[in-house]
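Residue numbers (the working numbering), protein chains in the order written: chain A, 1 to 678; chain B, 679 to 860; chain C, 861 to 963.
Mixed in with the good hints there might be a few duds.
Pairwise CB distance ranges, derived in the manner of DEER restraints [stated by the list, open to error]:
{"#": "1", "chain 1": "A", "residue 1": "Gly641", "chain 2": "C", "residue 2": "Arg950", "range": "27 to 35 Å"}
{"#": "2", "chain 1": "A", "residue 1": "Leu665", "chain 2": "B", "residue 2": "Arg851", "range": "34 to 42 Å"}
{"#": "3", "chain 1": "A", "residue 1": "Gly664", "chain 2": "C", "residue 2": "Arg951", "range": "49 to 57 Å"}
{"#": "4", "chain 1": "A", "residue 1": "Leu43", "chain 2": "B", "residue 2": "Phe829", "range": "54 to 62 Å"}
{"#": "5", "chain 1": "C", "residue 1": "Arg950", "chain 2": "A", "residue 2": "Arg50", "range": "39 to 47 Å"}
{"#": "6", "chain 1": "A", "residue 1": "Ile631", "chain 2": "B", "residue 2": "Val789", "range": "46 to 54 Å"}
{"#": "7", "chain 1": "A", "residue 1": "Val616", "chain 2": "C", "residue 2": "Arg950", "range": "58 to 66 Å"}
{"#": "8", "chain 1": "A", "residue 1": "Gly664", "chain 2": "B", "residue 2": "Asp825", "range": "23 to 31 Å"}
{"#": "9", "chain 1": "C", "residue 1": "Arg951", "chain 2": "A", "residue 2": "Lys184", "range": "55 to 63 Å"}
{"#": "10", "chain 1": "B", "residue 1": "Gly796", "chain 2": "A", "residue 2": "Arg645", "range": "33 to 41 Å"}
{"#": "11", "chain 1": "C", "residue 1": "Arg950", "chain 2": "A", "residue 2": "Arg645", "range": "28 to 36 Å"}
Okay, derived cross-link-like pairs now, EDC-like style, lysine to aspartate or glutamate, Cα gap no bigger than 16 Å in a straight line [what the hints assert, rightly or not]:
{"#": "12", "chain 1": "A", "residue 1": "Lys398", "chain 2": "A", "residue 2": "Asp330"}
{"#": "13", "chain 1": "A", "residue 1": "Lys471", "chain 2": "A", "residue 2": "Glu385"}
{"#": "14", "chain 1": "A", "residue 1": "Lys653", "chain 2": "C", "residue 2": "Asp866"}
{"#": "15", "chain 1": "A", "residue 1": "Lys192", "chain 2": "A", "residue 2": "Glu223"}
{"#": "16", "chain 1": "A", "residue 1": "Lys653", "chain 2": "C", "residue 2": "Asp956"}
{"#": "17", "chain 1": "A", "residue 1": "Lys184", "chain 2": "A", "residue 2": "Glu479"}
Calculated directly from the structure, the hints in this document are not laboratory data. Please read all numbers here as calculations on a predicted model, not as lab measurements. Note that beta-carbon positions come from the ideal geometry of N, C-alpha and C, so glycine has one too.
Residues per chain, in single letters:
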Amino acid sequence: MSFFAEAGGHAGHGPELADPTAQLLITLLMAIPLAGFALSVILGRRLGSRPWVIAVPAIIATWLIAMFLVWQTLFVGAYGEYGITFTLYEWIPAGQFRVDANFLMDNLTAVMLIVVTTIGMLVHVYSIGYMSHDPSKWRFFAYLNLFMFSMLLLVLAGNYLLVFAAWELVGLSSYLLIGFWYHKRSAALANKKAFITNRVGDVGFALGIMALWTTVGTLNFTEVFTLIPEKVAGGELGPVLMAGICLLLFMGAMGKSAQFPLHVWLPDAMEGPTPVSALIHAATMVNAGVYLVARSSPVFAQSAGALLLIACLGAFTAILAASIALTQKDIKRVLAYSTLSQLGYMFLALGVGAWIPAIFHLVTHGFFKGLLFLGSGSVIHAVHEEQDMDRMGGLAGKIRITHLTMLIGTIAIAGIPPLAGFFSKDEILGETFKFGVYEQAFYVLFVVGMIVAGMTAFYMWRLMGKTFYGKSRVDPHVEPKIHESPWTMTLPLILLAIPSIGIGLALGWPLGDSTIKHWLEPVFHEAEVTLGRELPKVQLFGIDGILIVIAVSVATLGIVIAAALFGIGRKDGRSETVRSLTQRIPFGPALYRASFNRWYFDDLNHLLFVRFGGVVAESAAIFDRAVIDGIVNGTAKVTQGAGDRIRRIQTGKVQNYALGIAIGLIVISIVLLFVVTR
Amino acid sequence: MSLPETMPYTGWRWDDLVFLALAGVMLGSALLVVLSRNIIRSGLFMVLSFLGLAGIYALAGSPIVAAAQVLVYIGAISVLILFAVMLTQSKAGPAALVFQRQAWIAAIASVVLLGLIGASILLTDFPAAEALPTVHETREVAFLIFDANVFAFEVVSLLLLAAVVGGIFIARRDESADEEGA
Amino acid sequence: MSQSLDAYLLLAAGLFAIGTFGFLAKRNAIAMLMSIELMLNAVNLAIVAFALFTPSLGAQGSVIALFVMAVAAAEATVGLAIVIAIYRNRRTPLVDEYASMRE
């Protein structure tokens, strides 16, 4: 019963202190993956061909505990509206600066736990099959467990500094996992790229945390969320400073969630093994930024300007990534850009103040994108590590389960009812449109969102068409060996397909009064009140109905066009059709090339940071060698010369030294006896 | 026939005479320890010096310390040293080279040190210096060791054990390194 | 004379100075150890003397002296073991030939 009692009493509402059982369970939730990591590292080599015997059961246990906690929180309501909190120990006791290792388990955390642990667990199971041929797979499973630990710490942490620590741990484990095949140069470069790009965002996040500390003197969520509004209301915190804090925090989110202009790392991160792509780039790590902004909603709600910027950046990232995804050849890259685009949606939602749809989309996206990534892994596995969609095609009949589950994922992400993506995407677009009453710019963002929805449907169906339908372009040597993946890989696909179909309906119905709304209302209540944006009642046969019809038609249109170009009916000559089509559009070929080359962002970065930065670094190096090294070496030379002369004193004979001691004693005694005491 | 209280002619007390004699023996043999050219002889003079010191302890009213002095120093340490001498002096160094080249400086330093310590002793006015010497009963000492200071006693016994084990470990013949023939 | 603290202390000082000289001047490692023993005994004598002239200390002085003896015995054991170990390596008990600390 430390400060929480005070804070709770002060605010009138707030998390309660966790009972011992809950404390134990939450601690175990993080301790088990950590122990799994430690054990896998220590015993890894001795486990031989089955290194997952520690890691996978550990995650299954974690999942069970998490599900129990979720059940208690969301369904039973055992932990109250505002969740529970407790302090494990005092983490940093440094004078005025005191930070506890405290944890917060509320409805938002519970929803995050569903996504993180479920997908994490399935990815672990899937990896058993996918990594079965890798000689150092024990390392892989150890890293996976470390990643799970980091991610769980991130969503359970009760203060910003602990989140930051988890944030860095997530960064570290993603670095390790992306570069898992470190002997591959592209993988080694990709993990560096991911790490460094993330670091740019982290600087902002760290500065944001420091700014929070200096303004409110605490980092605990519950306290920050009561103190910040007070300070703003009291006029101590101006709008500029407030926007600054928000944008610094958002910078961290931008790095982790790969928002423009820090988006460059995510597509390259596809160099990691496919389960990693599914885990990091679909289900967990990239969601961290969304989670951070959502968690900090009372802070962000204080700055409408910052939120507008977030919304615009989100929409821009969404359309930018979607336009790139249209032309990519690598199956995983299409999915990676699709992830970027969907994350853009989430930030768009956060920016317009549609907090609940943002988290809702995070959940549904986690499931269907996890499914799509794991499915693509299964495809890649089937065609012997081939990722180029130009060398696939006609796989539908050969890998039936993969095909069927990926089809479900595609329809879900395209936004066709009643699959999962439809509900969350529709809510985001709907709220964006309806909040246009408060901010005219939202209408523009709505239109952008609609266009992206159409593009999403198009490029996803393009992926399906190129991969599964039409004539086979698979390498003739590989062709006869195409096979369905083992059950450890297909089972997670099937298990992920079920929520991809149903979770939208389960959580998002009835519209406007959905389950997820009831769950998350307490968390975002304060932010909603601060922003003061009210949603009109849902009119299924009014504005909402029209919006749904528009959204579904746009998605259907995208699918139909893609099907016409790449789809089932066509046998061959499709690439010619596409080429002739692009040639007929003004600037078509140029745009195609630009999209294919990712709008030259990597080249821009190369020019800006590698070339130009290289020149700066080179001149700095010259200065360093001439001046700095000169000083250092000069000092060393003087020291060396002096030492060379002085070392003759050192005879190496003990008694010489002892004599020195005796003479020193005599001198000190003389001084004490005849100088000091006189 | 009983002796007079003080010595005739000089007026010294008898135990002063004993003290002087013992001090002379002790200092003299100590000097011989450091000046002797033969290491065995040094060791034997050390025994004599310790014996003198034991007598002084007895005179100073600490019979138990005197007894321990005889047991520990003369009985144990001296024997240990003599054994070490036997183990290491198979070919004694040239007799003329007993001292370091710095011996003269060492001698001067020692004398100066003695002077300084002596000066500080004489210049200091010890508050209890005039009190009569008291005799400590062994029984009292025993109570102090085994009752009040029993923990320290146990620690010391542990230290001794550690020293024995450590000594054996250090001095043990290293089988692998010794194969070239010791 | 045997009733004056100064006499005891001067005697201890003399013994200590002799020990110092031996430690600084002797070439033989064992002789150096003997000198150390002399110095330790000097200190012990000073302790006993102080205890003798400080009635409030009672028998504590003797106890301290006994403890010092025990520690001295431990020191002698380890010291001689080291000398023997070095002798085995260097084939000489003469300290001035142990000059590898120089480098």
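Query - Violations among the numbered hints - result: 3, 4, 5, 8, 12, 13, 14, 15, 17
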